[in-house]
Each structure stands twice: as C-alpha cells, then as structure tokens.
Amino acid sequence: MKGAWWKVLAVVLMFYVLFAGMLIPLKSGIQAVSPQTVELGQPVELAVTGYNTHFDPARGPRVWLKLNADTLVGGSAYGLAAAAVVVDGPQTLRATFVLPEGLPDDAKDYYASVIVDNAADGTFVMPSVVALANGRADSGDDAAWTTRFDDFTAATGMTFPYRALLGESIRNQYFHVSLWFSLMLLMLAAAVYAGRYLRSGDLRHDYRSEALTRTGLLFGILGLVTGMVWANYTWGKPWSGDIKQNMTAIALLIYLAYFVLRASMASDQQARRVGAAYNLFAFAMLIPLLYIIPRMRESLHPGAGGNPGFGGEDLDSTMRMVFYPGIIGFTLVGLWLAQLWWRTQALANNPRVIAASDL
Amino acid sequence: MGSPTTKPKNGVREGAAVAKTKPMSTDLSLLLLQAPPDFFRSIGKIYVVVAVIAIVLIGFFVSLYLVERRISKLENQVNQDE
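Line by line, the protein sequences give chains A and B. Position one of the first sequence corresponds to residue 1 (the numbering used here), numbered consecutively onward. Position one of the second sequence corresponds to residue 1 (the numbering used here), numbered consecutively onward.
To be clear, the hints were calculated from the coordinates, so they are not data collected in a lab. Every residue gets a Cβ at the ideal spot worked out from N, C-alpha and C, and that includes glycine. Each hint should be verified, as a subset may be incorrect.
Claimed, not checked - Reference excerpt, derived from the structure (chain A facing chain B, CB under 10 Å, subset only):
1) Y51
2) G157
3) M158
4) T159
5) S169
6) F175
7) I221
8) W230
9) I354
Said to hold, decoys possible - So these bits of chain A aren't anywhere near chain B, every CB distance computed over 12 Å:
10) Q269
11) W336
12) A356
13) S357
All chains, full assembly: derive it from the sequences and hints.
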C-alpha cells in the first residue's frame, strides 16, 4: 500500500461527499403560495405550502407580505404583517391579510414577497410571488404599509440552501459540477504530460497523457449526461441549446478527435507526437469553450451570461464544505482510473511482454 | 417641471394602473402542486440526484471493465507463449 495514500484519500473523500452531500438537510422554504393575484383594499387569505417546515400553532408562525422597495429609515420596510395565521399542518398554513387600498408612492412594482418565520425553521422568503391588483393611485397608504421587519428567528444546524426550482437536486452540485472541475484538472495534467512527451520523447509521458485524456473524456461524457438528466427536471428539457451545453459538446468532440487522430496515424511514433501536439491545442480550446464563451452570452447555468459566479444562494459556505472536497475526490478517482490505464499501456509496450507475444 | 412620465414616482403609479387589468400570472407553482408529481419530481426531486450518482458510478464501472478487458488480452498474449 506504499505510495497509495492518495487512493485512500480518494475513497475517504468520496464517502464524505456521498454522505454529507446526501444527508445534510435543506433549509426550510416556501413551495407555493396561492392565490398569486390579490385585490387591494380587501381582506385576503393566502395559503402557504412549505418545504421542510414544521409549522405548529405553539411555535407561532408569523407571515408577512413585503413590497419591493428601499428599506425605510429606522429598519422598517413597506410590507404587511398577517392579521391572523391558521396552521393546517406542518407544511401548510393560511395567513389573512387586510390589504390597504393603494400602494406606497415609492414601491418599485406591484409584486409582494411572502416571508414566513417560525421558531423551529427560522425565516424564509418566496420573492415577488403575489401580484397586487386594483391598486388606487394616490391613496396615501404609505403609513399603512410601513412595517417593522425584525425579531427574525435564525435557523440552526447545517443546511443546504432551498431553491424552489431545484429542491433536493441542488445536491447535484457535488456530483455533476465537481465532475466538470475535475475534468479541467485532468485535462490540464494531460496537456502537461503531452508537453513533457514532446520535449523529452519519454514514452511514459505519452502513456500518462493519453490515459488522462481518456479519463477526462469519460468525465466529460458523464458530466454531459448527468447534466441532461438534471436539466430535464429543472429547466424542462434535457437539451435547451444553452450556450454552455453547446460549447461543452464542442469541447468533447475536439477531444474525441484526439483519439481518432491517434488511431489514424500510420506509425506509433507519429501517433504519439501528433497526438501530443493536438492535445495541447485541444486544452487551449477547452478553456474558452468551458469558461469564457459561456460567460459572454445568456445562459441557464449560474456563473454565466453576466450572472455573478457561484455564490450566495447557489453555493453557500455549507455547500463549499462538500463541494471542494468533491472536486478533489473526483480528481483523485480520475487519476486512479487513468493510472490503471497507463500502467496497462506501459505493460503492453514492455519489450518483454511484446517479445512474449511475438514468439 | 417636465411631463409626469419622466418622474419614476409616476411611473410606478402607471404600473399600478396596469395592474388593474389582471396581471400576467399563471399561478405556475399552483399548477405544479396540483399535478401529481412523477417519480423523479417526488420528494423534492431527490431521485434526480440518485440518477446522477448512478450514472457516474456506471461510468466508472464501464471504465474499469475496459481496463480489465485490456489486461485480459495482455494475459492471453503472454500465456499463449508459455
């Protein structure tokens, strides 16, 4: 087992990612609110469906509508506290609001977010979910809308963010996104060994470069397929022609051509040298295809099309504690798979093995 | 001062006036709730994660199988000559 410490680390990290990634619960959140259009100037009862919530009359869930406006002086904001809250079950409650006749003058639009707070689950929001209709202009209702939002309960314990669209599938961050980051590291290693082979002509470098590229391509195919499965249940269809999807498909075709190129060469020597040179160019194309071009266009992926990179609700500090070990774990597993392949290739090209098979 | 439309404050009131006709709201999350969720959408889409992990594992095992096949070939080559 000497020299196998990184394989042990790979196993430990993969188990950690699997268990932490699957077992840490999601934060509480709001799945649905109905009705989503309410008339101003009338009392309205909103039915709120929670996710991972523990509504309980004893814990006094509180519900607010909050308008999209700048925070007012003194920590208040435009919003409305529910006049009454009836808990129907751990996941469902009804909140009654008595709506003023008009909107405040400096409300940014006529949508309101729903905020729920309770002692067990902390505070959570569904942004801009309720449309306020039939508002009377110049109603002078600023005072009626001015509400203090304070005394919120902080949720305790380790949790992953709740996003209404993703639900539990946010955990794919550790199994789909990690794959792509590992692919980048494996392809980088492949390019480095390709360069070393070109400089030294040492066959071992070529075996490594080829095996790492092979493993990287496997990761790419897996990343593409897992992404399609994930997209089918979040973006609605497996292939939306999203810029990142298209560009990664092109990047994988470029790497597929590496193997076609090698196989088409007349001599092994030629296949190795041309392959190594092509590998360097393929890696030079991988970076713009995966990381630059998708950021210049609108994309469904986070971290693209002017979206901020990963952060905030997409990747909080708890997720990072699983995501980064995931990248290392997948990279080490990839190295392991690649090593099996390059050792096999080296064995096949060992003079004694060749001599034995040629007898 | 200029026409009222140049003032953002009035722009908001116009927005509120538009809201008098029913705003575009399809109550999407309500529709999703009413439709019985299929297997992969049940329990917060957790089975999507299970499927993704399964695909990754299948990929690793296929890769192992390919290495094994290569080794078997080498073994046969060497053993034939003994």
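Verification of the hints:
no. : hint : result
1   : Y51  : holds (6 Å)
2   : G157 : violated (18 Å)
3   : M158 : violated (17 Å)
4   : T159 : violated (13 Å)
5   : S169 : holds (4 Å)
6   : F175 : holds (5 Å)
7   : I221 : holds (7 Å)
8   : W230 : holds (6 Å)
9   : I354 : holds (9 Å)
10  : Q269 : holds (21 Å)
11  : W336 : violated (10 Å)
12  : A356 : violated (5 Å)
13  : S357 : violated (4 Å)
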